[in-house]
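Colleague: Below, each chain spelled out in residue letters.
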Amino acid sequence: MSDLRIINLEKQYSQTPKKKNPAFSLKPVDLTINEGEFFSLLGPSGCGKTTLLKLVAGLVQPDAGEIWIGDANITAVPPEARRFAMVFQQSLLFPHMTVEDNVGFGLKMQKIGKKQRLAQARDMLVHVGLDGFGSRFPDQLSGGQQQRVALARALVSNPRVLLMDEPFSALDPGLREEMRDLLSRIHKEFRFTVLFVTHDREEAFHLSDRIGVMSEGRLLQVGKAKDIYEQPESKKVARFLGLKNIIEGNVANGRFASMDQAIEFPVGESIKSGASYMVLRPEMLKAAHRHDLQSPDSLYLRGTIQQLRFNHGFYTATVQVEGHQLESHFSNQEAEGMAVGQEILLVVELDAIHLTSE
Amino acid sequence: MNKKPFLLKTTLFILLFIIIGLPFIPLVLSSLSFGWQWPHILPESFSFRAWEYVLFGSSGTWQAVWMSLLIAFTVTAVNILLAIPAAIALVRHQLRAKWLWEAILFAPIVIPPFVAVMGIHLTFLRLGLTETIWGVVLAHISPTLPYVVRAIIISYSTLSVDWENQARMLGAGPVSRFYYVVLPHLLPGIAAGASLSVLISLSQYLITFIIGSGQVVTLPILLFPFISGGDPAVASAYSLLFAGIAIVTLTVMDTALKKYYQNKKTAIEKG
Numbered sequence: 001m002s003d004l005r006i007i008n009l010e011k012q013y014s015q016t017p018k019k020k021n022p023a024f025s026l027k028p029v030d031l032t033i034n035e036g037e038f039f040s041l042l043g044p045s046g047c048g049k050t051t052l053l054k055l056v057a058g059l060v061q062p063d064a065g066e067i068w069i070g071d072a073n074i075t076a077v078p079p080e081a082r083r084f085a086m087v088f089q090q091s092l093l094f095p096h097m098t099v100e101d102n103v104g105f106g107l108k109m110q111k112i113g114k115k116q117r118l119a120q121a122r123d124m125l126v127h128v129g130l131d132g133f134g135s136r137f138p139d140q141l142s143g144g145q146q147q148r149v150a151l152a153r154a155l156v157s158n159p160r161v162l163l164m165d166e167p168f169s170a171l172d173p174g175l176r177e178e179m180r181d182l183l184s185r186i187h188k189e190f191r192f193t194v195l196f197v198t199h200d201r202e203e204a205f206h207l208s209d210r211i212g213v214m215s216e217g218r219l220l221q222v223g224k225a226k227d228i229y230e231q232p233e234s235k236k237v238a239r240f241l242g243l244k245n246i247i248e249g250n251v252a253n254g255r256f257a258s259m260d261q262a263i264e265f266p267v268g269e270s271i272k273s274g275a276s277y278m279v280l281r282p283e284m285l286k287a288a289h290r291h292d293l294q295s296p297d298s299l300y301l302r303g304t305i306q307q308l309r310f311n312h313g314f315y316t317a318t319v320q321v322e323g324h325q326l327e328s329h330f331s332n333q334e335a336e337g338m339a340v341g342q343e344i345l346l347v348v349e350l351d352a353i354h355l356t357s358e
Numbered sequence: 001m002n003k004k005p006f007l008l009k010t011t012l013f014i015l016l017f018i019i020i021g022l023p024f025i026p027l028v029l030s031s032l033s034f035g036w037q038w039p040h041i042l043p044e045s046f047s048f049r050a051w052e053y054v055l056f057g058s059s060g061t062w063q064a065v066w067m068s069l070l071i072a073f074t075v076t077a078v079n080i081l082l083a084i085p086a087a088i089a090l091v092r093h094q095l096r097a098k099w100l101w102e103a104i105l106f107a108p109i110v111i112p113p114f115v116a117v118m119g120i121h122l123t124f125l126r127l128g129l130t131e132t133i134w135g136v137v138l139a140h141i142s143p144t145l146p147y148v149v150r151a152i153i154i155s156y157s158t159l160s161v162d163w164e165n166q167a168r169m170l171g172a173g174p175v176s177r178f179y180y181v182v183l184p185h186l187l188p189g190i191a192a193g194a195s196l197s198v199l200i201s202l203s204q205y206l207i208t209f210i211i212g213s214g215q216v217v218t219l220p221i222l223l224f225p226f227i228s229g230g231d232p233a234v235a236s237a238y239s240l241l242f243a244g245i246a247i248v249t250l251t252v253m254d255t256a257l258k259k260y261y262q263n264k265k266t267a268i269e270k271g
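These protein sequences, in sequence, are chains L and B.
Using this note's numbering, the first residue of the first sequence is number 1, and each one after it goes up by one.
Using this note's numbering, the first residue of the second sequence is number 1, and each one after it goes up by one.
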């Protein structure tokens with residue numbers, strides 16, 4: 001087993017008077033990434049995810065904490081001896097070397113003979129779909145191709161962990177998706193451990209086995225994409241995941257009530273009393289018919305449609321319910337006959353409502 | 001459409017010729033003249049006397065040329081060895097009083113060499129370095145090093161740390177990082193600094209004169225007495241020779257660099 005373990009890793013940047021950077025600190029992070037896992041760190045820019053990645057790489061020295069791989073403590077090992085690989089935001093191909101030499105660079109550093117080096121480099125180029133590009137120079141390639149070469153260069157020496165720092169953020173959207181698929185396919189094929197940093201939710205959801213959500217130097221929640229989406233542990237996580245209908249309220253006597261008392265429903269025993277936030281996922285809100293029997297397991301909300309927008313494949317409606325604006329997704333069928341200004345009864349199953357703390 | 005650039009080109013060419021080419025004409029005439037006095041626009045009679053003296057006579061011209069080149073290239077080699085670590089320190093490392101280090105390194109550009117050389121001379125006298133080639137080489141470093149450092153610093157500051165980090169992540173230790181990633185990027189800067197260093201070293205008179213005490217004979221040492229009164233024809237011939245040597249040296253360095261890049265490219269394409 002060679003899991004990557006991060007134990008209470010911590011880094012403090014003091015305020016630099018010249019650059020006026022505010023002091024930034026990475027709060028102790030504790031995390032285990034399993035061998036072969038694709039793990040993403042998701043967070044807004046400046047949340048410390050790149051700092052954490054650089055700490056793992058060894059490019060930045062931690063103030064406290066340890067990094068282990070398997071049963072070896074590598075905290076003091078310099079980056080060049082860690083046998084990690086890293087793909088940066090820019091492809092950073094060495095301009096005076098051919099594509100083949102770029103890919104073979106890591107092997108050259110391991111003192112592997114030229115013949116074998118080139119053979120392995122060419123083989124890896126085939127995997128990233130750049131067969132026959134070996135003798136070109138980096139400036140003869142497009143941005144996407146350059147990033148593929150960077151990926152091949154990182155993978156060819158069979159790293160213990162592949163670190164990726166927003167590797168596709170400099171590419172345009174179509175290309176980004178293509179690269180995402182390529183990376184996903186290669187990961188399934190080689191099963192290397194990946195620590196991937198991104199601010200793109202879609203990218204993280206698409207690629208990752210598990211995701212860690214970061215904000216302001218803190219690792220807020222770690223889990224499978226579905227779990228963190230359906231059960232965010234805090235309002236911050238919910239906000240960052242793009243969840244829309246977050247309503248502040250209180251839990252008392254087994255019931256949740258929004259601040260203005262407009263929305264109220266019973267909650268399970270396990271929910272503890274106090275300030276709370278309800279999260280209503282837009283796709284869980286359905287239109288109910290007035291004459292339907294009202295089920296006790298559902299919450300009914302009466303409101304007015306304020307806006308109806310066609311999104312690729314479905315409609316997004318903004319519904320005013322008392323003082324709250326709720327966003328809801330309707331299929332084409334459901335949306336038929338709806339109009340702005342119309343009254344509507346929304347229904348959501350109580351099980352689908354998620355309660356979270358600050 | 002093509003007319004405008006053509007016109008611009010011709011104008012520029014003529015301008016360049018007036019500024020650079022024209023002064024050479026009286027120099028050539030003067031070197032070939034035999035007594036060229038006021039008010040004659042052209043010399044009355046021509047002779048190769050001056051050129052014969054400079055090129056074939058017992059004037060020691062060729063020894064001086066070799067000495068000049070030997071000193072210039074030694075100085076440049078030492079400069080490069082000194083300037084690369086200096087540039088790395090100034091660009092990459094968080095030095096405490098960076099401005100002070102830079103001020104010290106660049107001071108020789110601002111302070112007249114004469115001032116520094118007087119002090120250096122005294123020290124060199126004690127150390128027994130005067131009248132030696134090494135003494136002259138060391139003294140030449142002070143006016144040339146700032147230019148080499150400057151050129152390499154500019155080159156280096158355009159290389160983002162990410163490149164070195166990338167090489168690091170691929171397993172490259174400090175030496176490999178420097179050799180495979182940093183050096184290729186610095187090469188144009190090193191070449192620019194080296195040309196300046198060679199040129200400045202070649203044209204040093206005062207420093208060579210004081211430190212070498214007339215024992216280390218370079219081309220400017222031979223040239224100056226003729227300019228300051230002796231024989232204008234010989235002085236002109238020496239000036240032309242001096243310009244020629246400088247141009248040839250620069251051209252050779254430039255071609256060597258281009259050749260290096262070409263070889264590298266073809267070698268890669270073949271391999």
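If you're looking for bench data, these hints aren't it; they were derived computationally from the structure.
None of these values were measured; they are calculated from a predicted model.
There may be inaccurate statements among the hints.
Unchecked claim - Away from chain L, derived, C-beta distances all over 12 angstroms, residues of chain B: (1) L16; (2) F73; (3) Y261.
Claimed, not checked - A few chain B residues that face chain L, going by a derived Cβ cut-off under 7 angstroms, partial list only: (4) E102; (5) A103; (6) I154; (7) T158; (8) W163; (9) N165; (10) R168; (11) M169; (12) P184; (13) P188; (14) A191.
Unchecked claim - If the Cβ cut is set under 7 angstroms, some of the chain L residues that face chain B in the computed set are: (15) W68; (16) A72; (17) F88; (18) M109; (19) I112; (20) Q116.
From the three backbone atoms N, C-alpha and C, an ideal C-beta is built for every residue, glycine too.
Colleague: It remains to establish, for every hint, whether it holds in the given structure.
Modeller: Outcome of the hint check:
L16(B), annotated as away from the interface, keeps every beta carbon of chain L farther than 12 angstroms; the closest lies near 33 angstroms. Look at F73(B): its CB is around 26 angstroms from the nearest CB on chain L, clear of 12 angstroms, so calling it non-interface holds up. With a least CB separation of 9 angstroms from chain L, Y261(B) falls inside the 12 angstroms interface cut-off, contrary to its annotation. Checking E102(B) against chain L by beta carbon gives a least distance of about 16 angstroms; that is not within 7 angstroms, so the hint is violated.
The beta carbon of A103(B) is not positioned within 7 angstroms of any beta carbon in chain L (closest approach about 18 angstroms), and the interface hint is therefore violated. A cut of 7 angstroms between beta carbons decides the hint on I154(B): the least distance to chain L is about 18 angstroms, and the hint is violated. Because the beta carbon of T158(B) sits about 12 angstroms from the nearest beta carbon in chain L, more than 7 angstroms, this interface hint is broken. The beta carbon of W163(B) is positioned within 7 angstroms of a beta carbon in chain L (closest approach about 6 angstroms), and the interface hint is therefore held.
Checking N165(B) against chain L: minimum C-beta separation of about 5 angstroms stays under 7 angstroms; hint holds. A cut of 7 angstroms between beta carbons decides the hint on R168(B): the least distance to chain L is about 5 angstroms, and the hint holds. Given the 7 angstroms rule on beta carbons, the hint for M169(B) holds: about 4 angstroms separates it from the nearest Cβ of chain L. Of the supplied interface hints, the one on P184(B) holds, with its beta-carbon coming within about 5 angstroms of a beta-carbon of chain L, less than 7 angstroms.
The closest approach between the C-beta of P188(B) and any C-beta of chain L is roughly 11 angstroms, which is over the 7 angstroms cut-off, so the hint fails. Because the beta carbon of A191(B) sits about 15 angstroms from the nearest beta carbon in chain L, more than 7 angstroms, this interface hint is broken. This hint is violated: W68(L) has a C-beta 19 angstroms from the nearest C-beta of chain B, more than the 7 angstroms allowed. Here the hint on A72(L) is broken, as its CB sits about 17 angstroms from the closest CB of chain B, past 7 angstroms.
At a threshold of 7 angstroms, the smallest CB-CB gap from F88(L) to chain B is about 6 angstroms, leaving the interface hint in force. Against a cut-off of 7 angstroms between C-beta atoms, the interface hint on M109(L) holds, since the closest Cβ of chain B lies about 4 angstroms away. Given the 7 angstroms rule on beta carbons, the hint for I112(L) is violated: about 11 angstroms separates it from the nearest Cβ of chain B. Checking Q116(L) against chain B by beta carbon gives a least distance of about 15 angstroms; that is not within 7 angstroms, so the hint is violated.
Taken one by one, the earlier hints fail for this structure at numbers 3, 4, 5, 6, 7, 13, 14, 15, 16, 19 and 20, listed in ascending order.
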